[in-house]
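Given the coordinates of chain A, work out where chain B should sit on it, guided by the hints.
Here is what each chain is made of, one letter per residue.
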Amino acid sequence: DGGITQSPKYLFRKEGQNVTLSCEQNLNHDAMYWYRQDPGQGLRLIYYSQIVNDFQKGDIAEGYSVSREKKESFPLTVTSAQKNPTAFYLCASSIFGGTEAFFGQGTRLTVV
Amino acid sequence: AQSVTQLDSQVPVFEEAPVELRCNYSSSVSVYLFWYVQYPNQGLQLLLKYLSGSTLVKGINGFEAEFNKSQTSFHLRKPSVHISDTAEYFCAVSDRLPTGNQFYFGTGTSLTVIP
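From first to last, the protein sequence lines stand for chains A and B.
Here the numbering used here is used: the first residue of the first sequence is 1, the next is one more, and so on.
Here the numbering used here is used: the first residue of the second sequence is 1001, the next is one more, and so on.
Extracted from the complex, chain B is given alone in its bound form:
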């Protein structure tokens, strides 16, 4: 089974400042990697995903993430945050198994953008 570690449970940042949300996963085998965003009392919405190819992945709302296989990391970044980015962010991993797959989630990082 996989495990996903989000190193920061809460990240406060001022509006228009850059932010990085950190994520590490356990497996050395091939995986798919994801970042999801959740607003209060809603489901999860995909921000971006890494399946293969370029290690720098761009997503919606100006977010990007970099896959680092040697460090088993997939950190999420945004150069300038907005108030509307205040939300819970989840990193997730999926096994590439021929018999099907599960999605493993971190415990989440609560991003608060301060005006």
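Excised from the complex, chain A in its bound form:
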């Protein structure tokens, strides 16, 4: 089945540690996105990538980093510089031109 796989579903880390969230898609989509979701704030764009080896900052990129070395993979690293990293993180992909975004099941990150 084609789709987007995010792993792990739940992640716990100690404050001050970097952590990488995985996002893999087998839909052959060019564009991929990372969103952060907090209660009452909807989805906020962290980073997006339209093609391999290129990505752009979204609205809340500070404290995060990404890479896009392969078309199917778009990992997100939450660094120690992110002041409040505890949140639900969603990865999405779309064809170039964006007639629909397909979402993964999300990763809930808790920093203690």
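No lab work stands behind these hints: they were computed from the structure.
Fair warning: this is a prediction, and the values are worked out from it, not measured in the lab.
Cβ coordinates follow ideal geometry from the N, Cα and C atoms, glycine included.
Hints are not guaranteed to be accurate.
Stated by the list, open to error - Not the full set, but computed from the structure, chain B residues with beta-carbon under 8 Å of chain A:
| # | residue |
| --- | --- |
| 1 | V1013 |
| 2 | F1014 |
| 3 | V1029 |
| 4 | Y1039 |
| 5 | N1041 |
| 6 | Q1042 |
| 7 | G1043 |
| 8 | L1044 |
| 9 | K1049 |
| 10 | Y1050 |
| 11 | H1075 |
| 12 | T1086 |
| 13 | Q1102 |
| 14 | F1105 |
| 15 | T1107 |
Same frame as chain A, but now just chain B:
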């Protein structure tokens, strides 16, 4: 950049009653419009989308939405809700840009269906 406003953060409704979830967006240029549904601790699932053509769009689970260009609105409706419709609903907009696009989301409407 686009902005999307969902006018109601919470909507309680009795089972089998009709419901309307409201959405307005900022841009006057051509856009794609979407409604997504999210169940707890899951990703977003597409309910319906407007790309072009008829302004009345039908989606899954009996939902429909109407695109109103003059009012820049895309309200979601269902004539009779079920308990299983209890979820978070997000309206979204995508630019039609030749250089690629972003998806802009509203803050969500929590629909609670009361037995």
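Against chain A, is B/K1049 within 8 Å by beta-carbon distance?
Constraint on B/K1049 satisfied, holds at 6 Å.
Residue hint B/H1075, partner chain A, criterion CB-CB below 8 Å
violated (17 Å)
Restraint: B/Y1050 near chain A, CB-CB cut 8 Å. Satisfied or not?
violated (10 Å)
Close enough to count: is the Cβ of B/N1041 nearer than 8 Å to one in chain A?
It holds, given that the least Cβ distance between B/N1041 and chain A is near 7 Å, below 8 Å.
Hey, does the B/V1013 contact hint survive, CB to chain A under 8 Å?
violated (20 Å)
So, as I understand it, the hint says B/F1014 touches chain A; can you test that by seeing if any CB pair is closer than 8 Å?
Cβ of B/F1014 sits 24 Å from chain A, so the hint is violated.
Taking the closest Cβ pair, is B/T1086 under 8 Å from chain A?
violated (16 Å)
Holds or violated: is there a CB of chain A closer than 8 Å to the CB of B/T1107?
With a closest approach of 4 Å, the B/T1107 hint holds.
Report holds or violated for the interface hint on B/Q1042, using the least CB-CB distance to chain A and a cut-off of 8 Å.
With a closest approach of 6 Å, the B/Q1042 hint holds.
Restraint outcome when B/Q1102 is required to lie within 8 Å of chain A by C-beta distance
Since chain A brings a Cβ to about 6 Å from B/Q1102, closer than 8 Å, the hint holds.
Can B/V1029 be said to touch chain A, with a Cβ gap under 8 Å?
violated (14 Å)
Would the hint on B/F1105 be counted as holding, given a Cβ-Cβ threshold of 8 Å to chain A?
holds (4 Å)
The structure does not agree with the numbered hints 1, 2, 3, 4, 10, 11 and 12 stated previously, though it agrees with the rest.
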